[in-house]
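Asker: As you go down the protein sequences, you meet chains A and B in turn.
All residue numbers for the first sequence refer to the numbering used here, where the first residue is 35 and numbers rise by one.
All residue numbers for the second sequence refer to the numbering used here, where the first residue is -12 and numbers rise by one.
Derived by calculation from the structure, the hints in this document are not laboratory data.
These figures come from a predicted structure and were not determined experimentally.
Incorrect hints may have been included.
[Claimed, not checked] With a cut-off of at most 25 angstroms between alpha-carbon atoms, the simulated BS3-like pairs for lysine-lysine come out as follows: (1) 87(B) / 115(B); (2) 97(B) / 87(B); (3) 87(B) / 29(B); (4) 116(A) / 423(B); (5) 151(B) / 136(B); (6) 471(B) / 358(B); (7) 136(B) / 427(B); (8) 225(A) / 265(A); (9) 423(B) / 130(A); (10) 130(A) / 427(B); (11) 386(B) / 358(B); (12) 442(B) / 130(A).
Listed below, chain by chain, are the residues.
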Amino acid sequence: MTIFLTMLIGATSFSDSFELGKQAYENNQYFQAIEQYESLVYNRIYEPEVFYNLANAYYQQGDYALAMVNFERAYFLNPRLKIVQENIEQTRMQTKQQLVRPTSTGIESEFYFWHHKISAKTILRIAIFSWLLFWFGLILLKKAPRKGLKALIGVSGFVAFIFFGSWYLKTNPMELAVAQGDDIPVLIGTKETDTIRFELYSGDRVHIDAYRGEQVRITTATGNRGWVDQKYLVTVWPPERTTGM
Amino acid sequence: MVVIYRYIALCLCILTWSGWSAAQNTPRIEASVESTEVHVFKPFLLNLYYQGPGPVEYQFPPNVGFKINPNPRGRSERTSIINGMRSLKAEYALVVEVAKAGEVTIPPIKAIVAGQTFSTEPITLTVKNDDPAFIYPIHVRVRNMIVKKGEWFWVYIDSPWLDKPLPNQLPAITGLENAPGLPPDDGQSSYVPSRSRTQTRGYRVRATQSGTITIPSMTFQLHQQSVNSNPLELKVLDRPSTTTEDIKGNSGLPFVRMDVDTRDIYLGEPVLMTLQLWVPKQSPFDLSARNRSTTSMSSTEGFYASDVQNDVFEAHLGTQAYHVNEQRKLLYPTKTGELTIDAYRYEGDIVNRGRRNEYLVEYGPYKVNVKHLPPAPNSYTGAIGQFNVEVDLSSTKLKEGVPTELIFVVSGQGNADAIASPKFPELSWAHVAEVKREQKDVKLFGQVIPAIEKKFRYTITPTRAGSHEIPAIQYASFDPHQGKYIEDTFGPFNLTVSAGEEDSVSMVVEDSSIDIFQRTPLIGTSIHPLMTMQGSLHRDQTRKLWLYLVLILPILLYLIAVHYLNRHARLVNDTSFARAQGAYEKGKNRLKAVHSSSEPSEELYRTMIDYLGDIFNINEQGLTFKDVEDLLEVKQIDSENATTITRILKSCERSRYAAQKLTDDEVGALVQAVKNVMHALEIRGKQNRGGK
Chain A
35 MTIFLTMLIG ATSFSDSFEL GKQAYENNQY FQAIEQYESL VYNRIYEPEV FYNLANAYYQ
95 QGDYALAMVN FERAYFLNPR LKIVQENIEQ TRMQTKQQLV RPTSTGIESE FYFWHHKISA
155 KTILRIAIFS WLLFWFGLIL LKKAPRKGLK ALIGVSGFVA FIFFGSWYLK TNPMELAVAQ
215 GDDIPVLIGT KETDTIRFEL YSGDRVHIDA YRGEQVRITT ATGNRGWVDQ KYLVTVWPPE
275 RTTGM
Chain B
-12 MVVIYRYIAL CLCILTWSGW SAAQNTPRIE ASVESTEVHV FKPFLLNLYY QGPGPVEYQF
48 PPNVGFKINP NPRGRSERTS IINGMRSLKA EYALVVEVAK AGEVTIPPIK AIVAGQTFST
108 EPITLTVKND DPAFIYPIHV RVRNMIVKKG EWFWVYIDSP WLDKPLPNQL PAITGLENAP
168 GLPPDDGQSS YVPSRSRTQT RGYRVRATQS GTITIPSMTF QLHQQSVNSN PLELKVLDRP
228 STTTEDIKGN SGLPFVRMDV DTRDIYLGEP VLMTLQLWVP KQSPFDLSAR NRSTTSMSST
288 EGFYASDVQN DVFEAHLGTQ AYHVNEQRKL LYPTKTGELT IDAYRYEGDI VNRGRRNEYL
348 VEYGPYKVNV KHLPPAPNSY TGAIGQFNVE VDLSSTKLKE GVPTELIFVV SGQGNADAIA
408 SPKFPELSWA HVAEVKREQK DVKLFGQVIP AIEKKFRYTI TPTRAGSHEI PAIQYASFDP
468 HQGKYIEDTF GPFNLTVSAG EEDSVSMVVE DSSIDIFQRT PLIGTSIHPL MTMQGSLHRD
528 QTRKLWLYLV LILPILLYLI AVHYLNRHAR LVNDTSFARA QGAYEKGKNR LKAVHSSSEP
588 SEELYRTMID YLGDIFNINE QGLTFKDVED LLEVKQIDSE NATTITRILK SCERSRYAAQ
648 KLTDDEVGAL VQAVKNVMHA LEIRGKQNRG GK
């Protein structure tokens, strides 16, 4: 009962924060809107609506890097939301280099190319349904073997395996990060004295390949690769790391 | 007959193949351009295609009025052997520039194959002269259009493909003095690595008079055509020079140089800092052993630094040639008062006759005085520098509910990041969406410091038909060279708004930008409005707990179901198991009825015998006391329990034949004894069944 009441009160206060943020935004008080939505994120309210609204507030403040980060988080949670995709495009147009999102590599691009437009939630639902069907089928098989039951078990087990894999990749995506700041030097190596290979600008999205101390190796959508100090990047997921890593 | 037909078909195939192969090897050369409309001096690609036998030699027409670069930017060559004949397929992308406007014809390009000549068709181009970036193919530039009297600075000339090399000194220009003591051959020439075909030569000069000096347009020969350089107007201030000493060579050792273009600035006005590292190309010392060589950047605390394009070039001082690495930064002061730009240092090891010596050289520091801006007019929004402001209204005839744009363009050199949007007046007859900003760097001829172009876009959606006015808009910027604010006024703008259709009128709701976005999504650079939350908000972690339960639960259910089904199947199929399973419960229930029985000893006896029959799966009918003793021995029941059982059975049997019945206490004691034995045998049985 106590747990239920705590959850109920918590949900109400979260909804209040959401509404307060919305009101502040509509009154052009973007800073206050950001405060409300950031407090929700701090309390682990990971809903696409929260990240989307937070991103809008950052956008209106002219902070295109954090706007991009939060739009990407909303997209990550629900890739089918068209307005999120369009706002990402709009934010991209505001960035200096207008770089597109780096594409996924490895197993994701080879086998899971189909899952980008499906949300993690939907994938998890399909995986769980198949999982339950698989075990239920096994029980039925034990009780009274019927024709076609083995095929059903095989298919549901395979689907569960594939979709749990998809869900895992969705919830542990390639590390996408967004550059925060302009003229960020991306070096040829990890030493400060190394030659600058190219530069990143606020709102540029990069894929993190490797870590070495404070430096990370990044790849852009254009295939440019180099080492950059972690302090210039904000990772898209998980959202706890809001300001640098 | 069939054989003859097959033979004819085979011959036809061979003939067709041979004909096709021969056709493949007939030389063919073609030239094409993407568009026949080109611009003077603006490079474009000419695609050259050749197919036929190799090897082939190409002959390009003489460059008169145009230039074809014979080194292709892109190439694709494929050699194949068909029917024993070597065939070449090649495609080349050649860079072409045209030097004059009007109609220009590129004559045929020839391919010479085994003594025979094959040609392309001539290409006639319409050459325009309206692209400002290519009107002057020779660019004259300086780092800063504003210089100080008496201070040395560089004038650079960038030129592509000149027929003759650039002059060693600038021609005599009123108000400009070429660097004395530098013989013509010592003029500096530099090469931009990324643009290998562009030559840059620097000329060291200084202004001898204040005011305005014009470097006139100069004429050069390019592709046998006379071409002009851009004229360049410099503003010369009569201020003391900031540079304290001139460049001096230093005995074949590396040295650094540092310079700032001004030491007295206003808050927000940039200082151009130039850092140069001069490394001799040849030296009596071993400079290659500089394993610890470093340059330390000047500390610029109190400034916000922004990089300007860096240069690497060669220069001569006297007879010594140097590699010069030049870095430039724009420093924007963030506070007033006297700020210090620290010295620029070079540290390294120099090996002289096998001895390694530490070497340190530095230049600077500089002190810069930063002044407060004078009191600003109301229309001032932070622009400091030299700016040109324009306003562009897309239309003065509007339709109710249909948005139009007013664009405010601020361009020039200055503190781009700090320029805010102009103050836009309130309009009672229209909704004005939030201003959208765009900014881009603009490369201007003759200037190293980048210029910017900042656009402020106002989307105006009329809500009422009629004649309306956008009141005058004022915009002020601070010109640090003049030390005062420059204020411009734009408008007022008179507009006519016609009544819109019903649908479009209902699109606009006054004072609600959200409604506008909802009904007219993505106007200009706007984004979609906020989303509303469906349902309540919950912490993310609960989802994981639920997930783990969902994952584990079916496995547990499966295990339980398997256990149940196996047991059920055994109960059905295995009589011994089924009897043993129910024996204990059955026995306990029967013991409850012993006290109420008319013959408790008989009932007790039967209960014990039936129980033993159940657990050992034997027919209990006719089982005698002796049979039980044998059975217990066969089944290896421990002696204590076996003795107890035989005693119980003996007691019951004696009582059955005795005249006096058992008392209640005796019955109770026997029941308890039977219970204990049954319990012990049940535990033993479970252990045995579990072990099976």
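Asker: All the hints need checking, so say for each whether the structure fits it.
Answerer: Structure-based check of each hint:
1. With a C-alpha separation of about 8 angstroms, the suggested pair residue 87(B) and residue 115(B) falls inside the 25 angstroms cut-off, and the hint holds.
2. Between residue 97(B) and residue 87(B) the CA atoms are separated by roughly 24 angstroms; this keeps the pair inside 25 angstroms, and the hint holds.
3. Taken as a hint, the residue 87(B) and residue 29(B) pair is honoured in the structure, with Cα atoms around 11 angstroms apart against an allowance of 25 angstroms.
4. In summary, the hint linking residue 116(A) to residue 423(B) is supported, as the alpha carbons are separated by about 22 angstroms, within the 25 angstroms threshold.
5. The suggested pairing of residue 151(B) with residue 136(B) is violated, with an alpha-carbon distance near 33 angstroms, which exceeds 25 angstroms.
6. Between residue 471(B) and residue 358(B) the CA atoms are separated by roughly 13 angstroms; this keeps the pair inside 25 angstroms, and the hint holds.
7. Of the supplied pair hints, the one linking residue 136(B) and residue 427(B) is violated, its CA atoms being roughly 32 angstroms apart against a limit of 25 angstroms.
8. A threshold of 25 angstroms between alpha carbons decides the hint, and for residue 225(A) with residue 265(A) the separation of about 15 angstroms falls inside it, so the pair holds.
9. The straight-line distance between the Cα atoms of residue 423(B) and residue 130(A) is roughly 15 angstroms, inside the 25 angstroms bound, and the hint therefore holds.
10. Taking the CA atoms of residue 130(A) and residue 427(B), the gap is near 8 angstroms; set against the 25 angstroms cutoff, the hint holds.
11. Pair hint residue 386(B) plus residue 358(B) does not hold up; C-alpha atoms about 50 angstroms apart against a cutoff of 25 angstroms.
12. For the given pair, residue 442(B) sits about 14 angstroms from residue 130(A) by alpha-carbon distance, which is consistent with the 25 angstroms threshold.
Violated hints for the displayed structure, listed by number in ascending order: 5, 7, 11.
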